[in-house]
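All chains should be modelled from the sequences, with the hints used to inform the complete structure.
Keeping their order, the protein sequence lines are chains R and F.
Just so we're aligned, residue 58 is where the first sequence starts under my numbering, counting upward by one.
Just so we're aligned, residue 2 is where the second sequence starts under my numbering, counting upward by one.
Derived from the structure by calculation, the hints contain no laboratory data.
Fair warning: this is a prediction, and the values are worked out from it, not measured in the lab.
Glycine included, every Cβ here is placed at the ideal spot set by N, Cα and C.
There is no bait here: all hints are sound.
Partial list, computed: chain F residues near chain R (C-beta under 8 Å):
{"id": "1", "residue": "His166"}
{"id": "2", "residue": "Val167"}
{"id": "3", "residue": "Tyr168"}
{"id": "4", "residue": "Ser169"}
{"id": "5", "residue": "Phe170"}
{"id": "6", "residue": "Ala171"}
{"id": "7", "residue": "Asn172"}
{"id": "8", "residue": "Arg173"}
{"id": "9", "residue": "Pro181"}
{"id": "10", "residue": "Ala182"}
{"id": "11", "residue": "Phe183"}
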Amino acid sequence: MNSNQSQCCCDGSVNQFDKLDEVLKKYQGVKGALIPVLQEAQHAYGYLSKEVLQNISKKMDIPISQIYGVVTFYSQFHLTPRGKSIIRVCQGTACHVRGAKTILNEIENQLNIKSGATTPDLKFTLETVACIGACGLAPVMMIDDDTHGRLTPEIIPKILAK
Amino acid sequence: MEMVSITIDGQKMQVDKTSTVLEAAKSVGIKIPTLCYHPELRPEGACRVCMVEVEGARSLVASCVYPVNEGMVVHTTTAAIREARKTVVELLLANHPQDCLSCQRNLNCELQTMASDLGIRDIRFEGERKNYLMDTGNSSLVRDQNKCILCGRCIRACSERQGVHVYSFANRGFNTKVVPAFNQGLHEVACTFCGQCAAVCPTAAIVVKDDTARVWQALNSGKHVVVQTAPAVRVALGEALGLPTGTIVTGKMVAALRRLGFDRVFDTNFSADVTIMEEGSELLDRLQNGGKLPMITSCSPGWVNFAELMYPELLDHLSTAKSPQQMFGALVKTYYAEKVGIDAKDIVSVSIMPCTAKKSEAVREEMKSSGYQDVDYVLTTGELAAMIREAGIDFKGLAEEEYDAPLGIGSGAGVIFAATGGVTEAALRTVYEIVTGKELEDIEFKNVRGLQGVKEAEVQIGDLKVKVAIAHTLSNVRILMDKVKKGEAGGCIGGGGQPISAVEGFRQTRADSIYECDTCSKLRKSHHNPAVKELYNTWLVKPLGEKSHHLLHTHYHKQERC
Chain R
58 MNSNQSQCCC
68 DGSVNQFDKL
78 DEVLKKYQGV
88 KGALIPVLQE
98 AQHAYGYLSK
108 EVLQNISKKM
118 DIPISQIYGV
128 VTFYSQFHLT
138 PRGKSIIRVC
148 QGTACHVRGA
158 KTILNEIENQ
168 LNIKSGATTP
178 DLKFTLETVA
188 CIGACGLAPV
198 MMIDDDTHGR
208 LTPEIIPKIL
218 AK
Chain F
2 MEMVSITIDG
12 QKMQVDKTST
22 VLEAAKSVGI
32 KIPTLCYHPE
42 LRPEGACRVC
52 MVEVEGARSL
62 VASCVYPVNE
72 GMVVHTTTAA
82 IREARKTVVE
92 LLLANHPQDC
102 LSCQRNLNCE
112 LQTMASDLGI
122 RDIRFEGERK
132 NYLMDTGNSS
142 LVRDQNKCIL
152 CGRCIRACSE
162 RQGVHVYSFA
172 NRGFNTKVVP
182 AFNQGLHEVA
192 CTFCGQCAAV
202 CPTAAIVVKD
212 DTARVWQALN
222 SGKHVVVQTA
232 PAVRVALGEA
242 LGLPTGTIVT
252 GKMVAALRRL
262 GFDRVFDTNF
272 SADVTIMEEG
282 SELLDRLQNG
292 GKLPMITSCS
302 PGWVNFAELM
312 YPELLDHLST
322 AKSPQQMFGA
332 LVKTYYAEKV
342 GIDAKDIVSV
352 SIMPCTAKKS
362 EAVREEMKSS
372 GYQDVDYVLT
382 TGELAAMIRE
392 AGIDFKGLAE
402 EEYDAPLGIG
412 SGAGVIFAAT
422 GGVTEAALRT
432 VYEIVTGKEL
442 EDIEFKNVRG
452 LQGVKEAEVQ
462 IGDLKVKVAI
472 AHTLSNVRIL
482 MDKVKKGEAG
492 GCIGGGGQPI
502 SAVEGFRQTR
512 ADSIYECDTC
522 SKLRKSHHNP
532 AVKELYNTWL
542 VKPLGEKSHH
552 LLHTHYHKQE
562 RC
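So, in structure tokens, the structure goes:
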């Protein structure tokens with residue numbers, strides 16, 4: 058477990074990459090394994106840090122620039138830490154005509170972050186989505202797996218307080 | 002070779018089954034416009050400018066990636082095709098900064114030429130503009146993503162040719178851009194500053210850092226300004242000023258530099274000869290005293306960066322001899338300053354180089370052995386051409402002039418440094434005579450010449466059998482280095498600071514001219530150079546001596562950038 062010693066630009070503690078090494082071992086010699094490795098690494102660490110990606114680059118012998126390209130292409134991968142709860146506010150057509158923008162603005166004001174960001178206390182990450190398939194409930198948002206429909210700016214604080 | 006019959010624009014022809022429609026058209030002189038295609042790189046089919054109509058195909062196809070088929074009928078210039086191409090280019094221009102008049106690539110831009118060739122007079126689409134920060138954090142290259150058309154040539158040049166993998170496409174859709182990992186600047190990632198990305202960029206998204214203003218300022222400062230010109234510049238400068246590829250313009254270049262106001266015009270060949278004396282002696286020393294072998298030359302700063310970044314464990318193999326540019330710089334502000342009685346602080350040392358990495362080499366901390374920055378400013382061949390144009394000099398009409406003595410005297414061995422394998426050949430000429438004490442009759446070591454990937458040869462020198470290996474392009478260096486463990490783009494002549502050429506075979510043409518310069522030289526061996534002899538007799542004393550050690554040798558350090 059000497060993965061840190063020759064690692065450049067990183068000063069992580071020893072055994073920081075235990076979980077990653079397990080993932081890499083599982084996919085050793087498998088062709089086209091980059092995406093599943095990234096998925097499992099993100100699952101293990103919550104997000105894909107520079108150090109984790111550099112380690113993957115080194116162990117899988119894939120240039121870091123290419124890995125960065127893959128990670129930034131897919132919206133499922135995250136380069137920054139994520140909040141404990143993920144808020145997805147729908148901005149699809151049905152929600153849009155029923156005031157989705159005011160809902161988003163209210164959440165942004167309440168949490169004091171912009172869409173795409175995470176609160177400093179790592180409680181919430183705020184995202185927008187194009188449709189979650191619940192147009193009948195518009196305007197709608199999801200907090201983790203719970204759907205909240207027929208929203209008004211007034212009830213946002215109550216929902217967030219939970 | 003299996004052939005197929007196809008018809009392009011009514012011309013029937015037989016072509017190799019493995020060729021693309023674009024290659025087939027080219028072979029009979031039909032020109033299809035291209036942007037993302039580059040003859041030296043794998044085709045990508047990204048820009049769609051090369052679209053043609055293939056009878057029976059569902060839609061227009063990209064000819065650069067479309068393979069030929071038996072009986073295929075192709076049209077390259079119907080009304081529909083012209084309209085489609087025009088639209089593609091208009092869409093590229095819709096979010097392109099239209100500052101052509103003040104752009105560094107003005108009149109030398111493939112996108113501009115394309116817009117002109119396709120007769121675009123009106124851009125129908127007003128697209129959202131991009132607003133990315135410029136990358137100006139290094140001494141060699143400047144990147145402006147706002148001018149990028151996402152052709153991917155730089156990505157391919159860096160990965161396929163150089164094996165360095167700095168760039169990749171990141172994000173997607175309108176937000177797609179070409180960036181180093183984590184959107185960092187080139188100085189923060191494992192970039193060698195070789196400039197091959199700038200050499201293939203069709204627009205001004207990646208350009209050579211322009212230092213001409215600083216040199217103009219130095220020329221007006223009243224200080225003593227000396228200039229050295231690298232061997233590869235003399236066979237490429239003419240191209241940038243309207244002469245045919247490979248024209249040798251040594252004398253005109255010297256004359257032009259005097260017109261620009263340089264006080265002394267010297268030749269890097271002089272210090273290339275000194276490099277051979279030092280590096281040749283070092284090789285002998287290593288052979289005789291059990292030093293680290295194989296010894297690898299270190300004249301190319303792109304290569305030195307590559308080794309420091311990727312192969313830090315093999316740095317012991319690198320010759321400690323500095324590159325000719327840096328030896329020259331160190332000697333100008335010591336030996337030359339003493340000789341002419343000018344204080345080193347009043348000397349400005351400029352070099353004209355084929356390579357962008359030379360700019361970064363000059364500002365390295367180790368390169369201050371004269372007590373000052375040894376080389377103050379580095380201009381590329383392209384920048385010198387720009388200064389000559391700015392000064393209104395009629396380059397073609399200039400009478401040829403000679404270099405100044407003594408640092409303007411160089412041998413043919415010094416000239417061939419510019420070609421792949423040249424340093425090795427130059428060193429062999431000198432090492433042979435030192436070891437055997439006999440005159441070398443057949444001085445051309447042709448088995449180390451040429452643009453093949455990796456060349457290996459054995460040379461008998463007296464009792465010694467010396468094995469040499471030469472790599473062309475950095476990805477071949479990687480192959481060679483991996484061999485050591487268990488070059489460059491045709492050498493300097495194809496450097497990132499050279500005029501951008503779309504002429505096929507331009508590397509070979511320039512290399513041929515370099516060897517012609519050598520053949521025509523009276524002096525062909527470094528140790529016969531009288532100015533070099535004088536330098537050693539009156540000042541340096543001997544190769545690998547104390548002064549040499551201090552001024553002409555250096556050490557390498559692992560670079561940690563990711």
